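*Asks:* Chain by chain, the residues:
Number of protein chains: 2
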Amino acid sequence: MSNKLVLVLNCGSSSLKFAVLNALSGEEIISGLAECFNLEDARLKWKAQGEKNESSLGAYASHREAIEFIVKNILEANPEILNDIVAIGHRVVHGGEKFTKSAIIDEAVVEGIEACSGLAPLHNPAALIGIRAAQACFPKRPHVAVFDTAFHQTMPESSYLYALPYKLYREKGIRRYGMHGTSHLFVSREAAAVLEQPIEQTNVITAHLGNGASICAVKNGKSFDTSMGLTPLEGLVMGTRSGDIDPAIIFHLVDREGYTLKEVNNMLHKQSGLMGLTEASSDCRYAEDGYGEGKEPAIRAMNVFTYRLAKSIMSYAASMDGKLDALVFTGGIGENSALVRKLTIEKLALLGFSLDEQANLDARFGNSGNIGTSSSRPILVIPTNEEMVIAQDAVALTQA
Amino acid sequence: MSNKLVLVLNCGSSSLKFAVLNALSGEEIISGLAECFNLEDARLKWKAQGEKNESSLGAYASHREAIEFIVKNILEANPEILNDIVAIGHRVVHGGEKFTKSAIIDEAVVEGIEACSGLAPLHNPAALIGIRAAQACFPKRPHVAVFDTAFHQTMPESSYLYALPYKLYREKGIRRYGMHGTSHLFVSREAAAVLEQPIEQTNVITAHLGNGASICAVKNGKSFDTSMGLTPLEGLVMGTRSGDIDPAIIFHLVDREGYTLKEVNNMLHKQSGLMGLTEASSDCRYAEDGYGEGKEPAIRAMNVFTYRLAKSIMSYAASMDGKLDALVFTGGIGENSALVRKLTIEKLALLGFSLDEQANLDARFGNSGNIGTSSSRPILVIPTNEEMVIAQDAVALTQA
Ligand SMILES: Nc1ncnc2c1ncn2[C@@H]1O[C@H](COP(=O)(O)OP(=O)(O)O)[C@@H](O)[C@H]1O
Ligand SMILES: Nc1ncnc2c1ncn2[C@@H]1O[C@H](COP(=O)(O)OP(=O)(O)O)[C@@H](O)[C@H]1O
Numbered sequence: 001m002s003n004k005l006v007l008v009l010n011c012g013s014s015s016l017k018f019a020v021l022n023a024l025s026g027e028e029i030i031s032g033l034a035e036c037f038n039l040e041d042a043r044l045k046w047k048a049q050g051e052k053n054e055s056s057l058g059a060y061a062s063h064r065e066a067i068e069f070i071v072k073n074i075l076e077a078n079p080e081i082l083n084d085i086v087a088i089g090h091r092v093v094h095g096g097e098k099f100t101k102s103a104i105i106d107e108a109v110v111e112g113i114e115a116c117s118g119l120a121p122l123h124n125p126a127a128l129i130g131i132r133a134a135q136a137c138f139p140k141r142p143h144v145a146v147f148d149t150a151f152h153q154t155m156p157e158s159s160y161l162y163a164l165p166y167k168l169y170r171e172k173g174i175r176r177y178g179m180h181g182t183s184h185l186f187v188s189r190e191a192a193a194v195l196e197q198p199i200e201q202t203n204v205i206t207a208h209l210g211n212g213a214s215i216c217a218v219k220n221g222k223s224f225d226t227s228m229g230l231t232p233l234e235g236l237v238m239g240t241r242s243g244d245i246d247p248a249i250i251f252h253l254v255d256r257e258g259y260t261l262k263e264v265n266n267m268l269h270k271q272s273g274l275m276g277l278t279e280a281s282s283d284c285r286y287a288e289d290g291y292g293e294g295k296e297p298a299i300r301a302m303n304v305f306t307y308r309l310a311k312s313i314m315s316y317a318a319s320m321d322g323k324l325d326a327l328v329f330t331g332g333i334g335e336n337s338a339l340v341r342k343l344t345i346e347k348l349a350l351l352g353f354s355l356d357e358q359a360n361l362d363a364r365f366g367n368s369g370n371i372g373t374s375s376s377r378p379i380l381v382i383p384t385n386e387e388m389v390i391a392q393d394a395v396a397l398t399q400a
Numbered sequence: 001m002s003n004k005l006v007l008v009l010n011c012g013s014s015s016l017k018f019a020v021l022n023a024l025s026g027e028e029i030i031s032g033l034a035e036c037f038n039l040e041d042a043r044l045k046w047k048a049q050g051e052k053n054e055s056s057l058g059a060y061a062s063h064r065e066a067i068e069f070i071v072k073n074i075l076e077a078n079p080e081i082l083n084d085i086v087a088i089g090h091r092v093v094h095g096g097e098k099f100t101k102s103a104i105i106d107e108a109v110v111e112g113i114e115a116c117s118g119l120a121p122l123h124n125p126a127a128l129i130g131i132r133a134a135q136a137c138f139p140k141r142p143h144v145a146v147f148d149t150a151f152h153q154t155m156p157e158s159s160y161l162y163a164l165p166y167k168l169y170r171e172k173g174i175r176r177y178g179m180h181g182t183s184h185l186f187v188s189r190e191a192a193a194v195l196e197q198p199i200e201q202t203n204v205i206t207a208h209l210g211n212g213a214s215i216c217a218v219k220n221g222k223s224f225d226t227s228m229g230l231t232p233l234e235g236l237v238m239g240t241r242s243g244d245i246d247p248a249i250i251f252h253l254v255d256r257e258g259y260t261l262k263e264v265n266n267m268l269h270k271q272s273g274l275m276g277l278t279e280a281s282s283d284c285r286y287a288e289d290g291y292g293e294g295k296e297p298a299i300r301a302m303n304v305f306t307y308r309l310a311k312s313i314m315s316y317a318a319s320m321d322g323k324l325d326a327l328v329f330t331g332g333i334g335e336n337s338a339l340v341r342k343l344t345i346e347k348l349a350l351l352g353f354s355l356d357e358q359a360n361l362d363a364r365f366g367n368s369g370n371i372g373t374s375s376s377r378p379i380l381v382i383p384t385n386e387e388m389v390i391a392q393d394a395v396a397l398t399q400a
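Chains as they are written, first to last, in UniProt numbering: chain A, 1 to 400; chain B, 1 to 400.
Keep in mind the hints are simulated off the structure, nothing from the lab. Being a predicted model, the structure only gives us computed values, none of them experimental. Misleading hints may appear alongside valid ones.
Remember, identical chains collapse to one label, so a pair may be satisfied in a single copy or spanning two.
Stated by the list, open to error - Simulated pairs of lysine-lysine, DSBU-like, Cα-Cα distance not exceeding 35 Å: (1) Lys262 with Lys172; (2) Lys47 with Lys4; (3) Lys72 with Lys323; (4) Lys342 with Lys295; (5) Lys167 with Lys342; (6) Lys72 with Lys4; (7) Lys47 with Lys167.
Use the sequences and the hints to build the structure in full.
*Replies:* What follows is the structure, encoded as structure tokens:
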């Protein structure tokens, strides 16, 4: 085996993202997305060695059919790739307090993931289906679980406890767990490299802004606090999620406005955020374009989104014991939206951040860079690579 | 009429606070508390010209009996005071978007307060009962309503909008209103006076920390943002209230842990905050004492309380356009707890705040002062005086 390739699987409830990565070089050899599971037009799109392909998976296909298709029709057609796959890396959303780092999957780990399903009722069961299907296809190769929550298990009590009756934590595990751990971990390491300082002595605030969005206070290389909580609903304004609200709004809507709790749940997860504020789209580009054209709903959405983001970034300066080395932007919005970054950084002057407008325009579409002025604390744009973390962890755990 | 005295009434659902103030000198001539309304031992305590008194109100007495008692047994016994009362000032919790400042009470104002009752279903009806009872006792003197929310009506959209479907704001008035307006207004004016600068050019972050607690970003003398929202549940950790949580915790507790929505509502309002974290007391002194004695629950409560407070203060630095003149502490905790202030300010080094330990110990129990070091941005302890604001507004509106 000359190359150390890893098949990375990221199973959602109705879709599956996959990639084959070279864990040493980072090269992405194959990548794809299977979607519309359990619907008539279940299908798979993929890119292999530069070429784009698409295929139906057969009506009502799901995770198992998708993984079988990947093995039979994509990997077996490229035996040199198939043979070099040394491990399968599975993204798992919720590892509770059980998993503080990635783990080689055995029956105890499967049970552990199952035990955390109550905390991620949509995501963990999907990951388990993917693990079972992949184990059936690759019974001899090691499988590794990489958890979105694991990086945040270093948070101190003052970050992870809610001000709720303490027994809810003790007896039911209700606390802040955080998400996007692999992304915050990856970009904080990259930031330390850019800053040329040891990660153990690096304090950065990382903003992962995609459809879901979260901030992390990375102190001495470890997650000290993060904006997502028990679930990915907490914190920032997102594509369709509200982030923080007055919790009493839920009581108000049910008790006084005639909503069912289920409707409110759906509203906060699916109809809020940028979608709710623009009344049109969850896509940041829609708000960005409309902002440029002077459209009121877009301006409103951008202003709320960036003000809340700036407040959140500011708040994590309270985690830093007086030392903050840089601010990092990543995720689809963080890597591409010059407008979001500009409107946010404008509000961070009291932390010593100021924006270099040209550098801000240059650092887009995959380009990284420091977008702060020479007198600013560094502001780094760093494309995230969660697959890379998964591939590297899978190799590190299994190829020692 | 030589003195301009104001009878200030603050009606809760089961209690009533009252005071007679000299609106010019600020002198408090009479003050008292009626409590246990609708219970057998409904009673009234008061202090008049230095002397303490207590009386039963008769079984099951309520607002009307209390106000009648105040007039017949306290004020009529002091005709020189009664005659000098030029107005009655009523504290009203919620003025919605209707009331941007205090208002002389006429039928339209009563209707306006009624219309806002949906937003404060416990408080506004109690205030209306008090207004009606006081009007019956003082039919000839002007009554003025002073709203907790009014000061915050200058907040811009980016501060007051939730990232919810926009129609919830348009059609149902669901937005952030904020509370403690009279306190934030009072201490921000006092701060400008201490700083010797015009209030219109003063930017301060005010922390009102009592049983309820909120932060306000006062920019150019106006409320720009505040931590309470649609209701007083949002924001900081409080005596028994949770402040911000992942809203999905509510769904989790109902859908998966068997709570009713009403139980969760009660839990978040009455059993959370310092009470929930210590599992013993909502009183800050309990946590402060226990912290000194090394008791774990108290340490946990103090750490969560002050970390969340520090994060919140930090976050409002994003509101300030780069100019922050001072931080202000007020309310029972803010005026008295040297420990809370110390643990909080320790975390604010990146904003240029540092604590003078001796000044911190001196500024307690009614003493005001700057507790920052000489190199720190000013940190002011200023005892609040909401009654004074009410009395002054009542005089200003009616004695022109
Ligand atoms: N050029 C761009 N300008 C602004 N926003 C962009 C741009 N490209 C992508 N985005 C935004 O990135 C978000 C998706 O981020 P991504 O990290 O891909 O999402 P996910 O959380 O699903 O992984 C969308 O809101 C999208 O509008
Ligand atoms: N000496 C003190 N040290 C610490 N906390 C104090 C002290 N005195 C009062 N407090 C706290 O102040 C809080 C009550 O604040 P207050 O502003 O009177 O409340 P309210 O919001 O009901 O008006 C309580 O938590 C109490 O413990």
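*Asks:* Should Lys72 paired with Lys323 be assigned to within, between, both, or neither, using CA atoms and 35 Å as the limit?
*Replies:* neither (52 Å within a copy, 63 Å between copies)
*Asks:* Tell me, please, which holds for Lys167 and Lys342 at an alpha-carbon limit of 35 Å: within, between, both or neither?
*Replies:* Answer is between: at 28 Å across copies they meet the 35 Å cutoff, but 43 Å inside does not.
*Asks:* Could you place Lys47 and Lys167 in one of the four classes (within, between, both, neither) given a Cα distance threshold of 35 Å?
*Replies:* Neither, since 49 Å and 42 Å both go past 35 Å.
*Asks:* Is it within, between, both, or neither for Lys47 and Lys4, if the alpha carbons may be no more than 35 Å apart?
*Replies:* For Lys47 and Lys4, the Cα distance is within 35 Å only inside one copy (20 Å; across copies 82 Å).
*Asks:* Checking an output row: Lys72 and Lys4, CA cutoff 35 Å. Within, between, both or neither?
*Replies:* Within one copy only: 20 Å inside a chain, 90 Å across chains, cut-off 35 Å.
*Asks:* With identical chains, the pair Lys342 and Lys295 could be close in the same copy or across copies; at 35 Å between alpha carbons, which is it: within, between, both, or neither?
*Replies:* For Lys342 and Lys295, the Cα distance is within 35 Å only inside one copy (18 Å; across copies 46 Å).
*Asks:* One pair to classify: Lys262 and Lys172, alpha carbons no more than 35 Å apart. Within, between, both, or neither?
*Replies:* Answer is both: 22 Å inside a copy and 19 Å across each meet the 35 Å cutoff.
Against the hints set out earlier in the document, violations occur for numbers 3 and 7.
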